[in-house]
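Asker: The task is simple: from the sequences and hints, build the whole structure.
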Amino acid sequence: MIWQQFLSLAGSYPLALRGLGMTVVLSLISLVLGTLLGFGLGILRTGGNRLISSVIGAWVDLIRGTPFLVQIFLIFFILPEFGIELDAFTAGIIALTNLAACFICEIVAAGIRSVPTGQVEAALASGLSRWQRMRQVVLPQAMRIVLPPLVGQYVLLIKDSSVVSAIGLTDLTRVGWLVVQRVPNGLLVFFLVGVGYFIVCYPLIMLARRLERRMGAAHGEVQL
Amino acid sequence: MKIARLFIAGLALAGLATAASAGTLDEITKRGELRVAVQTQGPPFSLVGANGERTGSSVELAELMAKEMGVKIKFLDFDWDGLIPALLSGKADLLVADMTPTLARGMKVAFTTPYMYTGSTVFTKADSKFKTTEDCKAKGTKIAVLLGATGEKEAKTAFPDADIKSYKGGGPLLLDAVNNGQADCGVNDVSAVKGQSTAYPAGSFTIMPDLLSKEPLAFATRYDEPDLLVWMNLFLNQVTIDGRLQKNLDHWVNSDAWKKDH
Amino acid sequence: MLENFSFRTIVEYLPLFGQGLVTTVWLSALSFVGALVVGIVLCAMNLQRGWLFRAPAKAYIDAVRATPLLAQLYFLYFGLPRLGFVLPELVVGILALSLNSGAYIAEIIRAGILSIPRGQVEASVASGMTYVQRMRLVVLPQAFKVTIPPLLGQAIVLVKDSALLSLISVAELTRAGQLLASDRFMPAEGFVTIAAFYLLLYYCLKGLAVVSSRWLGSAGARA
Amino acid sequence: MTKPTQTKTGPAKTGMIDFRGVNKWFGALNVLKDITLSVEPREVVVVCGPSGSGKSTLIRCINGLETIKDGDLVVDGQRVGDPATNMTQLRTEIGFVFQSFNLYPHKTALENVTLAPVHVRKIPRAEAEKAGRELLAKVGLADKVNAYPAQLSGGQQQRVAIARCLGMRPKIMLFDEPTSALDPEMISEVLDVMVAVAEEGMTMMVVTHEMGFARKVAQRVVFMDAGAIVESGTPDEFFSHPKTDRSRAFLSKILRH
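Chains as they are written, first to last, in the numbering used here: chain B, 0 to 223; chain V, 3 to 264; chain U, 2 to 224; chain E, 13 to 269.
Calculated from the structure, these hints are not laboratory results.
Positions of the beta carbon are idealized from the N, C-alpha and C atoms, including for glycine.
Treat the hints with care, as some may be off.
[Said to hold, decoys possible] A few chain V residues that don't get close to chain U, going by computed Cβ distances all over 10 Å: (1) Asp28; (2) Gly34; (3) Arg37; (4) Asn53; (5) Glu62; (6) Leu66; (7) Pro116; (8) Thr134; (9) Lys139; (10) Asp163; (11) Lys196; (12) Leu236; (13) Gln240; (14) Thr242; (15) Asn256.
[Claimed, not checked] Covered by chain V, per the in silico footprint, the following chain U stretches (three or more residues, Cβ under 8 Å): (16) 81-91; (17) 159-170; (18) 175-187.
[To be verified] Calculated from the model, a selection of chain B residues having no Cβ within reach of chain V, i.e. all distances over 10 Å: (19) Gly117; (20) Tyr201; (21) Arg213.
Answerer: What follows is the structure, given as structure tokens:
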């Protein structure tokens, strides 16, 4: 019975590959965009302007505090009522990018705050401009704190991308739902879906762990 | 909540604008494409084949509709959560799924006249101690139903002492739950149960001969598309008269004929 | 969808949302306690010298982090009965959430322990403490402070993840919204309401995080 | 004289650094009390006093790391804290050496020295590197050009930090307890470099307790306590004939060993 089901599933590999491809493409685009946006927001969040910082903080809270499904619904189904018509793929990218940016913003802000004030003062004293201080002194040091959780967050976001099936995109999870209609074995089908995610995510987890070890050992602390 | 209220205020205007637009049928003709939202709940109504091709009784009826309109068809495939929003937000022109037109639902969407009648039935694992519908009425019997489906309501009335468990994800998972012992009995649309149990070796399930209810199935569209609704009713009328509907149902619902191709 | 937004229907379904909220809260709380236990055990295994304990702990943590909760949930839900364990949905759900969050919590606690300066450990070794004493008296109290904020972050994730239990027929908050969507075809009302409730839970947990870090901060200053 | 009083632009005679009635508060705490002090070009001033007396705050005000509440502070002819003053530009004229060095841990010694010249002064990289190597050689670290801060001893790090400031060719050098974080055997290597800098005619303000250094190169010693300047004079006067009880008490403590 199980063998028979497995054979039947194996026949669906083109569909599964398409789903995996959708998951990877969607994640890749929105993670790249989300990282850029997240770094920008993180820098603004820790910048001097109180108003900007608290507006970003409130937005991050709103996004972190509500189900991703609802966010994606608002973008796909409600924005058209304001005249913004998006196709499912674009809506998925926007929603996932926004989610990624909000989580990454907090990670980056924490990294920036972890850089000792002495470093900023030294940069300030040698007359570096705001951007130069950030670019040359603060960010490179913040990266040590930022990188491991950033890569870990990528893994979470790749898994969150499964929610896009609610707006009709056929990603890996959706393929699982479609296939289980024909081969009604939830255990087998979703085990295979899990394997698919594992293939994408595990290298990233390995990377995160390596970064963590490298960053810990790197020319970190100033010797006193 | 405040934001929602603001939304509504702004949207009252937007709503007026869409209502005033030209007829939906004209729009579809102009677009050359009929956008149909489907719910892939499993055989026999809507399923995805091994290679990702979409098929099933409802799917073929929708394709027939597009053919009669002389336009192409575009399927939008949502899970249950996204189905109704897709129709209400205008992403889809109409909804083709094995849906029961209840009066409460009819408050929000416009249903066609029913094109077939079915009903909820009870099924159990063949070798279980639950042999009849009566057996399932025992206190604490675990009964699997589909979340939000009419079967859920029927089960609550028919088995007041039972422990009702609602699942998402389509009928096949109900069969899986009963097969695995998470539930003692399942309640679902009889056509769906019959169609979906074919994925198991013959004789795996006992399907009770008596129906808990008689239920119509219908397609749905929006109330701001009256022309489309009229046309859909006309379509159902025509295919009933010329026998194409019966042929479809005989192939998919009333027999296992479809199994040969899938 | 919004021009006909019906607050009246939401109010009508409010008792259902209330019940769902209560279920979400207590099942999340229980799962979090379970996750703490799982996390501490995994972390203890992971900090051992020999590979005998470390390897399985690492493998488990990686497997959980690299696969979606949905797959894990179904793995337990459909897999356990094949091994002869037929458990109620709620138990399976709490188990799945505990086992899932436990893997993340193990990493959080490990990071907390590793953040303790070497000197602290050396000082306690020098004063003749055993491994258990060192952990209990020196390392864990300090690690606790560092781990509280990320632990509450994980609690927030757990609360949102618990929505997935609606898939195996647990009547929690998301289920209530889905009912409104399927009975009445009012998805906007249903989902906006659950979003509001989740946001409420989020702010409660965030408030707790702020209060506890302030409290722990001052406790640290006193010490 | 067209204007009888020049409170905004400063008097005709201007030192390199001019404090006039400067006050600063941290909350309710008056950390700088009515400071008036003028440092001439090429002058070396040593600031000393017990911890918490405000001496670090005093020199941190000069390059704007701290803001002042009232009074005037004019540095190189420009008012610190005036919106019209380009602080970034002014800071390039002031080198600041920190107690904890604050070298950039992710950059090598040479990169630490060349970072600001390349990005702020816009000196071509090759040229900046050549100058950087010369500076590192001057502070005795020709062989540590490519070392990261963590690979250097405290004394070496502080010498890199001094070279980093000199790389900007500043008009003023400020030192905030540059040897306090160092092991005793490393103090002299840093002081030697500072003496060399002083002997080249740099305007310097040095917060330090190294009285040997003060005697050797300082033209003036300023003693602070509780946020105020208590006494000011030549090193000889100050060490041999301290005028106040507070300075006597302070000197007896730091000179005991």
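Asker: Each of the hints needs a verdict: does it hold here or not?
Answerer: Each hint, compared with the structure:
1. Asp28: holds, 23 Å
2. Gly34: The claim holds: glycine 34(V) sits with its nearest Cβ about 26 Å from chain U, beyond 10 Å.
3. Arg37: holds, 17 Å
4. Asn53: holds, 23 Å
5. Glu62: holds, 25 Å
6. Leu66: Holds: least Cβ distance 26 Å, greater than 10 Å.
7. Pro116: Fine: 17 Å to the nearest Cβ keeps proline 116(V) off the interface.
8. Thr134: holds, 23 Å
9. Lys139: The claim stands: lysine 139(V) keeps its Cβ more than 10 Å from every Cβ of chain U (closest is about 20 Å).
10. Asp163: holds, 17 Å
11. Lys196: holds, 23 Å
12. Leu236: holds, 24 Å
13. Gln240: For glutamine 240(V), whose nearest Cβ neighbour in chain U is about 28 Å away, the distance exceeds 10 Å, so it holds.
14. Thr242: Answer for threonine 242(V): holds, closest chain U Cβ roughly 26 Å.
15. Asn256: holds, 27 Å
16. 81-91: holds (count 4)
17. 159-170: Coverage by chain V holds here, the residue count being 4 at a Cβ distance below 8 Å.
18. 175-187: This one holds; 9 residues, not fewer than the three required, reach chain V with a Cβ under 8 Å.
19. Gly117: Nearest chain V Cβ is 44 Å from glycine 117(B), so the label holds.
20. Tyr201: Holds, since 26 Å exceeds 10 Å.
21. Arg213: Check passes; 42 Å lies beyond 10 Å.
The structure meets every hint from the earlier list without exception.
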